[in-house]
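A.B. asks: Below are the chains, spelled out letter by letter.
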Amino acid sequence: MAQAKVKSPGPVEKKLVGVADTVIVAADKSKDPTLSIPVRSLANVNFNEKRGIIEMGKRKQARTFFNVGMAKKFMQTVLVADALAELQRAGLTTSLREIYYRTKHTMKDSHENTFDNQNESDPLIEDLEVTLAALREELHVRAENAGSIVGPVVLADDGDRVDCARLGKGGYSVPSIVEPEFIEIRRCTADFILLVEKGTQWNRLSEDKFWRRYNCVLLTGNGQPPRGVRRLARRLHEEYKIPVYVLVDNDPWGYYIYSVVKQGSINLAFESQRMAIPKAKFIGLSSADPDHYGLPRNVGIKLNDKDIGRAKELLKYRWFQKKDWQEEIKRMLASGLKYELDALANKDFRYLTKTYLPRKLKEQDWLD
Amino acid sequence: MSTSLAKTTTTEKIPTAEPKATVSAAEMGARQREISVSEFFTKNRHLLGFDNPRKALLTCVKEAVDNALDAAEEAGILPDVLVKVEVAPSNGSAPPPASQATRFRVTVTDNGPGIVRQQIPPIFAKLLYGSKFHRLRMSRGQQGIGISAAGMYAQLTTGKPVQIISRTGARAAAHYFEVQIDTKKNEPRIFENKKIDWKPPRGTQVTLEIEGRYQKGRASVDEYLEQVAIANPHVNLVYLTPEGETREYPRTIHELPPQPKEIKPHPYGIEFGILLRMLHDTKSHSLSGFLAGDFSRVSAAVAQEICKTAKLSLNARPRNIHGEDAEALYKAIQATKIMAPPSNCVSPIGEKAILHGLYKQIKGDFYTAVTRPPSVYRGNPFVIEAGLAYGKGPEQAAAAPEAPAAPLAEGEQREDDSELARVIRYANRVPLLYQQSACATFKAVLETAWRNYGIAQSKGALPGGPMVVFVHMASVWVPFTSESKEAIADYDEIRKEIKLGLQECGRRLGMFLRRRERAKSEFRRRNIFELYIEEVVEACARLKGGKLAKEKLKTQLQKIATKRTGGARTDEILGGDGGPEGLPHSIIVTPEGPEGEAPVLPGAEASDGAPAEAPAPKTEKAAPGRRKGKAKAARATKAARSTKTAKRKRR
Ligand SMILES: Nc1ncnc2c1ncn2[C@@H]1O[C@H](COP(=O)(O)OP(=O)(O)OP(=O)(O)O)[C@@H](O)[C@H]1O
Ligand SMILES: [Mg+2]
Numbered sequence: 001m002a003q004a005k006v007k008s009p010g011p012v013e014k015k016l017v018g019v020a021d022t023v024i025v026a027a028d029k030s031k032d033p034t035l036s037i038p039v040r041s042l043a044n045v046n047f048n049e050k051r052g053i054i055e056m057g058k059r060k061q062a063r064t065f066f067n068v069g070m071a072k073k074f075m076q077t078v079l080v081a082d083a084l085a086e087l088q089r090a091g092l093t094t095s096l097r098e099i100y101y102r103t104k105h106t107m108k109d110s111h112e113n114t115f116d117n118q119n120e121s122d123p124l125i126e127d128l129e130v131t132l133a134a135l136r137e138e139l140h141v142r143a144e145n146a147g148s149i150v151g152p153v154v155l156a157d158d159g160d161r162v163d164c165a166r167l168g169k170g171g172y173s174v175p176s177i178v179e180p181e182f183i184e185i186r187r188c189t190a191d192f193i194l195l196v197e198k199g200t201q202w203n204r205l206s207e208d209k210f211w212r213r214y215n216c217v218l219l220t221g222n223g224q225p226p227r228g229v230r231r232l233a234r235r236l237h238e239e240y241k242i243p244v245y246v247l248v249d250n251d252p253w254g255y256y257i258y259s260v261v262k263q264g265s266i267n268l269a270f271e272s273q274r275m276a277i278p279k280a281k282f283i284g285l286s287s288a289d290p291d292h293y294g295l296p297r298n299v300g301i302k303l304n305d306k307d308i309g310r311a312k313e314l315l316k317y318r319w320f321q322k323k324d325w326q327e328e329i330k331r332m333l334a335s336g337l338k339y340e341l342d343a344l345a346n347k348d349f350r351y352l353t354k355t356y357l358p359r360k361l362k363e364q365d366w367l368d
Numbered sequence: 001m002s003t004s005l006a007k008t009t010t011t012e013k014i015p016t017a018e019p020k021a022t023v024s025a026a027e028m029g030a031r032q033r034e035i036s037v038s039e040f041f042t043k044n045r046h047l048l049g050f051d052n053p054r055k056a057l058l059t060c061v062k063e064a065v066d067n068a069l070d071a072a073e074e075a076g077i078l079p080d081v082l083v084k085v086e087v088a089p090s091n092g093s094a095p096p097p098a099s100q101a102t103r104f105r106v107t108v109t110d111n112g113p114g115i116v117r118q119q120i121p122p123i124f125a126k127l128l129y130g131s132k133f134h135r136l137r138m139s140r141g142q143q144g145i146g147i148s149a150a151g152m153y154a155q156l157t158t159g160k161p162v163q164i165i166s167r168t169g170a171r172a173a174a175h176y177f178e179v180q181i182d183t184k185k186n187e188p189r190i191f192e193n194k195k196i197d198w199k200p201p202r203g204t205q206v207t208l209e210i211e212g213r214y215q216k217g218r219a220s221v222d223e224y225l226e227q228v229a230i231a232n233p234h235v236n237l238v239y240l241t242p243e244g245e246t247r248e249y250p251r252t253i254h255e256l257p258p259q260p261k262e263i264k265p266h267p268y269g270i271e272f273g274i275l276l277r278m279l280h281d282t283k284s285h286s287l288s289g290f291l292a293g294d295f296s297r298v299s300a301a302v303a304q305e306i307c308k309t310a311k312l313s314l315n316a317r318p319r320n321i322h323g324e325d326a327e328a329l330y331k332a333i334q335a336t337k338i339m340a341p342p343s344n345c346v347s348p349i350g351e352k353a354i355l356h357g358l359y360k361q362i363k364g365d366f367y368t369a370v371t372r373p374p375s376v377y378r379g380n381p382f383v384i385e386a387g388l389a390y391g392k393g394p395e396q397a398a399a400a401p402e403a404p405a406a407p408l409a410e411g412e413q414r415e416d417d418s419e420l421a422r423v424i425r426y427a428n429r430v431p432l433l434y435q436q437s438a439c440a441t442f443k444a445v446l447e448t449a450w451r452n453y454g455i456a457q458s459k460g461a462l463p464g465g466p467m468v469v470f471v472h473m474a475s476v477w478v479p480f481t482s483e484s485k486e487a488i489a490d491y492d493e494i495r496k497e498i499k500l501g502l503q504e505c506g507r508r509l510g511m512f513l514r515r516r517e518r519a520k521s522e523f524r525r526r527n528i529f530e531l532y533i534e535e536v537v538e539a540c541a542r543l544k545g546g547k548l549a550k551e552k553l554k555t556q557l558q559k560i561a562t563k564r565t566g567g568a569r570t571d572e573i574l575g576g577d578g579g580p581e582g583l584p585h586s587i588i589v590t591p592e593g594p595e596g597e598a599p600v601l602p603g604a605e606a607s608d609g610a611p612a613e614a615p616a617p618k619t620e621k622a623a624p625g626r627r628k629g630k631a632k633a634a635r636a637t638k639a640a641r642s643t644k645t646a647k648r649k650r651r
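Chains as they are written, first to last, in the working numbering: chain A, 1 to 368; chain B, 1 to 651.
It should be emphasised that the hints constitute simulated quantities derived from the structure, not laboratory data.
Any given hint could be a false lead.
As the list claims (entries may be wrong) - List time: in silico DSSO-like cross-link candidates among lysine-lysine, alpha-carbon distance up to 27 Å: (1) A:Lys72 with B:Lys194; (2) B:Lys552 with A:Lys31; (3) A:Lys104 with B:Lys550; (4) A:Lys72 with B:Lys544.
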């Protein structure tokens, strides 16, 4: 950036400059410059029972410069670090795609590009996140806005006051970076947070003003909740001490979404400490619900091989070892069926708002 | 007349169904007549290589050139040969262009010993007349047919006699002859015979006017002469083409190949029938004397051993050995250990000369040559030589850079180089241009597993790639598949030797290719590192807010890169210092010039049309790669020699 303000570099920028130092120090000692990057895979995560979150293990991989197989990646990693540092100095946020375009060029006197497609640069950003222990948000890289919130919450976004109770049925679109420097939570008077997997069900609840009646915050991430939604839920949960309930389809994917919200994801396990909500509860749909709520078999969907495989895998995860959870998953497998939230409409269009959720809340019928 | 004869001789009355239509034995007998060889070959001219006009032109040139070289070499003279092919003047009208013409005049002039006057007519106008048939000595000609057959072809197609000028020395007169063959009698007919003034002090010139076709390319006169130059670097050859061009193939080796010695047959592998004939014809009175005297490598002791094994008396009269005795003798010979025939009867071209020839005529990156030790087939000693020229030469490689300008898109593929290797075949230094697939050399090339050496080869096909495979068979008697001397017969011993030679060449080529490939990939790797270093240093400089000694970091990183990718060795392999990589009898050509036993090419520039007197080598213009190579070659040869001995010591 042209006129970088002469201010002392922040902690994240310092970490990024550290990448250059790695190269310089190694070169000075005639050593092959090497970055050690924590391994991002199931094999390198631990479940911290006490904290209830997934933590990254200690395994690291060495990415060295003068190794034919890694040289390009090494060079690319340094380029991405450079671009991220530029964002820090300029105080800008950007998307993964823009980082790709910013770092892509043809290398001098050659026909070779630094990057050929975005698939090459995206994982490097995650590499840097884990290597430098900096959240993506801290690196100023944002995703699409893909979440919505309504309820008795007042936020400040770029100095604008946003009252989420006065935004009609559309609510406020949750930005992907909701760190305190960007979003301030001015007030929250809700009693709990309901995180809904599907946008359609969130719409139903918003339209029915469910949040007003039960004094809650309605959040959705349209599928797997993006980081902004997870982080906002975590901040509300932490800063206002209110419980979080997760409402998802009754299928292995739904269970997984719940587990990511609760314990964190395997891929970015190191972020769990800032994203996970270990006290989040699973409110539904449970494999026990069809029985309790008299849903007919014919609104269920047959589990396919992939579902079955996935469910069996979940049974093995350390964080699904609780007796209730083993029963929950086995029951689904035994029935051979999965149910979508939408299936509740079989009873009544407003069955979710009027009957299902009220009864669930009243009976405190949830899983931990 | 014949009927009455038949009647008188038929004593028995056998009723026959159709007595009139049959021909009796007597009638047939009366029709028997001697066929002169000339008559035979008039009808069977394809057997001598005159099957079509294009091939006939080549055969005429070839027969005359072969004879010229044979004669000069035998007389110990470094051959100077001038070949002139002209469109024959047609009566009055302007001659057609060479590519359209049907009549040519071929004149071949040599600086050989010349021919004595009396011998000229039979040599040029009598088939099966020559000096080479009845001896076991390596020469190009061997049958005594070649030049007279060419003359006969001229006579058949244009009716013009063969014109000869020959002079045996400065003090002798030059004789001019015009001769034709009397095909019925196979005897010469002399049309003209006179003394003339002729400038050259010595030599022979023969002129043939024939029906022919001039067409360039494969199996053309041009190709033949080029290949002659490859295998005969001691010859100075000038070719005046029918299109008016002058092509010079200057001598690069200034000494004659060693004179091949005439030998007696070697007993191994000799055919039974020939043994019987030799037993009958010998002048020896004892078996042991016959064995020791008429064969090579049979000492008195060996002769004794053979007789003992055959249970025959040493003093048995050779003429009296027939039947079982002869068979026993034959078996005993094969069972006895006998030294290989002397190799001085064949004079191989030699590795150095082959390298010179290939290097001079074929552009490439790698050349190698192998002369096998002498071997024997059917009692005839022979030597196989193999050679290779590989690559397109640095000039051409530079003109067409390997990588296309744009990187390939997905699904795009580089076009396959489907070029196949070219095989050039020689028998006693004579290029063989026809009947490739019938030739033992060709079969041996197919049977060699080129893939082992990193060369592509589909099943049953020639190896692929820019490569010329050279095979030479030198022998006192080359077993051709026909009189036209086009293909070498497929004897196991011969094919085996060829394959051994090719395998050695292949191994060296493989080594060269592997090293080059390795050097290239290391070079590429280092190049890539250099690009990446550039990027990384720039990015680091930005990260450090411009506070970075960029050049220092760059050099440091480059040093590490060099260390990690082979370092100095890569520079060496890529055409830096060092000999031809420890490959014997090889030349490696890099953009900087040739390494190894590369010849200094005298007057190479002259053949480009530049005046020969000009001190051409000093100018900076043409073929800089080759030129630089010269000085270097000399150095490299010396260096190669010294390193070779040094290496040997170390081992
Ligand atoms: N240019 C020449 N100078 C001297 N002698 C020659 C010349 N040309 C031919 N001869 C002599 O004439 C002989 C006959 O030549 P010709 O070509 O007919 O047969 P050849 O060379 O012996 O065998 P081939 O039939 O295989 O060619 C030769 O053996 C050689 O002795
Ligand atoms: Mg001849």
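A.B. asks: It remains to establish, for every hint, whether it holds in the given structure.
C.D. replies: Okay, the hints, checked on the actual structure:
At roughly 86 Å between alpha-carbon atoms, Lys72 (chain A) and Lys194 (chain B) are farther apart than 27 Å, so this suggested pair is violated. A distance of roughly 15 Å separates the Cα atoms of Lys552 (chain B) and Lys31 (chain A); the hinted pair therefore holds under the 27 Å criterion. This hinted pair checks out: Lys104 (chain A) and Lys550 (chain B) have alpha carbons roughly 22 Å apart, not beyond 27 Å. The hinted pair formed by Lys72 (chain A) and Lys544 (chain B) meets the criterion: a straight-line CA distance of about 21 Å does not exceed 27 Å.
When each numbered hint is compared with the structure, a violation occurs for hint 1 only.
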